[in-house]
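Engineer: Chains as they are written, first to last, in the numbering used here: chain L, 1 to 176; chain Y, 177 to 670.
Calculated from the structure, these hints are not laboratory results.
The reader is advised that the hints may include incorrect statements.
[Unchecked claim] Over 10 Å on every C-beta distance to chain Y, these chain L residues come out as not near it, computed from the model: (1) Y37; (2) A59; (3) K62; (4) V109.
[Stated by the list, open to error] Keeping only pairs whose Cα atoms sit at most 25 Å apart, straight-line, the calculated SDA-like set for lysine to any residue is: (5) K647(Y) / V148(L); (6) K122(L) / I648(Y); (7) K584(Y) / L599(Y); (8) K530(Y) / K500(Y); (9) K584(Y) / K647(Y); (10) K65(L) / D553(Y); (11) K287(Y) / A315(Y); (12) K535(Y) / Q75(L); (13) K500(Y) / E451(Y); (14) K584(Y) / T38(L); (15) K6(L) / E630(Y); (16) K6(L) / K647(Y); (17) K60(L) / I633(Y); (18) K65(L) / E451(Y); (19) K62(L) / N645(Y); (20) K52(L) / E272(Y); (21) K647(Y) / K122(L); (22) K65(L) / I633(Y); (23) K440(Y) / E272(Y); (24) K631(Y) / K122(L); (25) K36(L) / I648(Y).
[What the hints assert, rightly or not] One side only, chain L facing chain Y, incomplete, derived with CB under 7 Å: (26) L5; (27) I7; (28) N43; (29) V56; (30) K65; (31) L69; (32) G71; (33) R72; (34) V76; (35) M79; (36) L82; (37) P103; (38) A128; (39) Y139.
A virtual CB, placed ideally from N, CA and C, is assigned to each residue, including glycine.
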Amino acid sequence: MEYRLKIQEETIPVEINSKEGNTATATIENREYDLKYTLISDNELHLMVNGKSVNVYLAKNKNGKTILLNGRTYQVQDMDNLPKGPKKKKGIDGPTTVTPPMPAVVIAVNVNEGDRVEKGQKVVVVSAMKMETTLLAPYKGIVIRVNVKESDKVMPGDILVDIDEIKDEEINELEN
Amino acid sequence: MFKKILIANRGEIALRVINTCKEMGIQTVAVYSDADEKAIHVLSSDEAVWIGSSEPLESYLNIDKIIKAAKDTNSEAIHPGYGFLAENYEFAKRCEKEGIVFIGPGSKAIKDLGDKITSRKLMVKGNVPVTPGLTSTEADVDVMAKEAKRVGYPVLIKATAGGGGKGIRIVNSPEEMAEACASASREALNAFGNGEIYFEKFFTEARHIEFQILADTFGNTIHILERECSIQRRHQKIIEETPASVLTPELREKMGAVAVAAAKAAGYVNAGTVEFLLDAENNFYFLEINTRLQVEHPVTEMITGIDLVRQQLEIAAGNKLSLKQEDIMGRGHSIECRIYAEDPANNFFPSPGKIEFLKEPKGPGIRNDCGAYSGFDVPVDYDPIISKLVVHAQTRAQAIDKMIKALKEYIILGIRTPIDFLLDVLMSEPFSKGDVFTNFIETHFSDWEENLNEKDIAAIAYVVDELCNRKIKADDCVSHTAQTPFNTLGNWRL
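Taking the hints into account, I'd like the entire structure generated from these sequences.
Structural biologist: If you want it as structure tokens, here you go:
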């Protein structure tokens with residue numbers, strides 16, 4: 001059986017052949033692994049990998065499985081079984097809207113309607129679990145609407161500030 | 177001794193107090209909000225009183241409701257834990273007025289020491305060295321800038337009502353002064369209801385060393401050694417240890433004596449902590465006295481064997497300190513790591529939610545003061561601390577090794593924790609050498625990234641889990657008998 005898994009930004013092809021009892025062999029690129037496994041509970045898996053004992057802990061979530069191994073957290077996704085729905089832009093591109101990552105309270109709004117903002121400019125400060133977090137402008141643009149004020153309670157998905165994106169060419173046009 | 181006390185707090189610290197009460201045969205009353213209906217302190221206490229909605233002002237910060245709960249349950253005393261009302265002098269005063277014992281110092285000491293300016297003045301009077309800076313609050317940014325120039329940049333803006341790293345800003349140059357003052361003041365106003373600020377000189381390479389003190393109502397004051405708390409992120413301690421590797425026995429004795437003098441200058445009673453900054457030349461300056469049980473108190477308990485909560489209860493009940501300064505001896509080395517619900521790979525943003533699976537590390541010399549369990553929903557409304565993992569070993573090097581092992585065996589699924597980040601700090605060379613300063617994290621770990629070097633094994637685990645789930649459907653991966661260690665561990669012998 002073949003899988004294409006994704007961990008961080010890396011794609012890992014795994015070929016697994018189930019053998020007698022709870023044993024199997026796996027191949028990742030040119031690396032061979034002899035496996036013996038015991039499922040302890042829904043969240044606990046004991047593996048013998050090439051004779052070496054490893055305890056692994058797993059939990060399913062909407063993006064695949066979270067795997068804890070020797071104190072490290074691996075978010076593993078099956079590339080051939082990705083969650084449906086629009087793909088979220090993440091990683092180096094960052095978020096595309098000004099929205100809190102969790103339920104929070106607005107502490108300060110640093111922009112007004114009509115302001116021109118640079119990518120990465122501080123737009124709104126929110127507080128969650130007693131920590132202040134600054135939300136940044138996702139791109140260069142003009143603030144077309146501020147939807148919140150200080151001490152408003154906000155949820156992930158709420159767009160706190162609408163920003164109309166300006167591409168670099170448009171700026172040149174505007175300035176010329 | 178008290179027959180029954182109320183604990184005006186939640187989570188791990190409420191449980192910590194309940195545990196000692198159980199040992200002493202004291203009945204405990206927990207209070208809880210909507211979010212904490214199934215919290216561990218509610219499940220572990222003898223009685224529990226619902227006091228309001230999840231909003232802290234409606235529950236854990238609501239003095240009227242907590243006093244009413246204490247009266248309704250005939251509680252003789254209130255333990256405030258840390259945070260919430262622990263350093264609120266009005267709460268202590270109200271307890272005094274209502275004839276309920278506040279397990280902590282008197283309201284006057286809390287008020288004096290809670291105001292950083294008053295406490296600085298008290299210390300100057302008591303010949304305790306304080307950090308250079310202002311000894312009065314200042315609202316005028318220009319005056320702040322002028323004074324900062326005199327003392328020398330960088331300076332640290334602080335809220336007079338401060339604590340827990342809130343309302344603090346580092347200012348490196350006059351240009352940064354205005355914005356730093358505004359945001360520090362705003363954060364302080366939000367956190368403490370008081371936006372007044374001042375500044376102290378900021379030492380870029382200094383250590384944060386604090387002394388635990390105990391003082392009874394008979395005027396006996398002793399210190400219970402130091403804690404090294406230099407490893408901080410955003411001015412919040414994350415790793416604490418004792419003893420501090422930098423202290424010589426002479427310096428320890430000197431600082432301890434000053435800590436006792438500081439407590440006496442403030443008329444302090446009960447358990448408290450005197451915080452110092454120690455600069456590169458081993459000059460030390462008074463920072464503040466925390467008028468409560470510290471989050472990091474367990475490391476002191478580990479090396480001395482003293483139960484600080486028991487001491488607090490004895491002192492509050494009017495008993496004389498049974499310990500003398502010469503009785504206080506530390507043995508071995510202890511380290512604490514704070515485990516928060518936060519995502520180190522995402523700028524340490526809080527990561528609340530349901531804990532799907534939790535397995536605590538075990539073994540000799542390992543202690544985990546934990547406020548959560550498998551199935552518990554970590555609420556968004558409160559401080560994101562889950563537990564404090566503490567180890568005790570013969571030497572510092574052994575304590576580090578033990579902590580690394582314990583962290584690797586600490587399993588929390590469902591929310592993100594900084595365990596991997598803490599591992600990297602503990603395994604780093606500067607930490608193992610004891611080169612710890614308050615700028616340690618900024619200097620060595622500001623561009624920290626997840627170190628995922630066992631991706632193959634993680635991938636294999638994913639696939640094997642799929643395989644097992646498929647096999648379970650086909651009924652041949654696991655037997656139908658219960659999954660006990662006896663049929664899952666394979667062959668073994670005694």
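Engineer: With reference to the structure, classify each hint as holding or not holding.
Structural biologist: Structure-based check of all given hints:
1. Y37: violated (5 Å)
2. A59: violated (4 Å)
3. K62: holds (12 Å)
4. V109: Check passes; 12 Å lies beyond 10 Å.
5. K647(Y) / V148(L): violated (52 Å)
6. K122(L) / I648(Y): violated (51 Å)
7. K584(Y) / L599(Y): Holds, because 8 Å separates the two Cα atoms, which is no more than 25 Å.
8. K530(Y) / K500(Y): violated (46 Å)
9. K584(Y) / K647(Y): Since the Cα atoms of K584(Y) and K647(Y) sit roughly 29 Å apart, the hinted pair is violated (cutoff 25 Å).
10. K65(L) / D553(Y): Holds - the C-alpha atoms of D553(Y) and K65(L) are around 19 Å apart, at most 25 Å.
11. K287(Y) / A315(Y): holds (21 Å)
12. K535(Y) / Q75(L): holds (19 Å)
13. K500(Y) / E451(Y): holds (22 Å)
14. K584(Y) / T38(L): holds (20 Å)
15. K6(L) / E630(Y): holds (13 Å)
16. K6(L) / K647(Y): holds (24 Å)
17. K60(L) / I633(Y): Distance ~17 Å between K60(L) and I633(Y) Cα, so the pair holds.
18. K65(L) / E451(Y): At roughly 44 Å apart (the allowed maximum being 25 Å), E451(Y) and K65(L) break the hint.
19. K62(L) / N645(Y): holds (17 Å)
20. K52(L) / E272(Y): violated (62 Å)
21. K647(Y) / K122(L): Violated, at roughly 52 Å.
22. K65(L) / I633(Y): Measuring from Cα to Cα gives roughly 14 Å; hence the hint holds.
23. K440(Y) / E272(Y): holds (21 Å)
24. K631(Y) / K122(L): Violated - the C-alpha atoms of K122(L) and K631(Y) are around 36 Å apart, more than 25 Å.
25. K36(L) / I648(Y): holds (16 Å)
26. L5: Where the cut-off is 7 Å and the nearest Cβ of chain Y is about 5 Å from L5(L), the hint holds.
27. I7: holds (5 Å)
28. N43: At about 4 Å, which falls below the 7 Å cut-off, the nearest Cβ of chain Y leaves the hint on N43(L) intact, so it holds.
29. V56: The hint holds - V56(L) has a Cβ within 7 Å of chain Y, the shortest such distance being about 4 Å.
30. K65: Holds: closest Cβ of chain Y sits about 6 Å from K65(L), inside 7 Å.
31. L69: Status holds, d = 6 Å.
32. G71: holds (4 Å)
33. R72: Holds, about 5 Å.
34. V76: V76(L) check passes; min Cβ-Cβ to chain Y is 4 Å, inside 7 Å.
35. M79: violated (11 Å)
36. L82: violated (14 Å)
37. P103: Given a least distance of 5 Å, the restraint on P103(L) holds.
38. A128: Since the shortest Cβ distance to chain Y is 6 Å, the answer is holds.
39. Y139: Cβ of Y139(L) sits 19 Å from chain Y, so the hint is violated.
Consistency note: the structure conflicts with the earlier hints numbered 1, 2, 5, 6, 8, 9, 18, 20, 21, 24, 35, 36 and 39.
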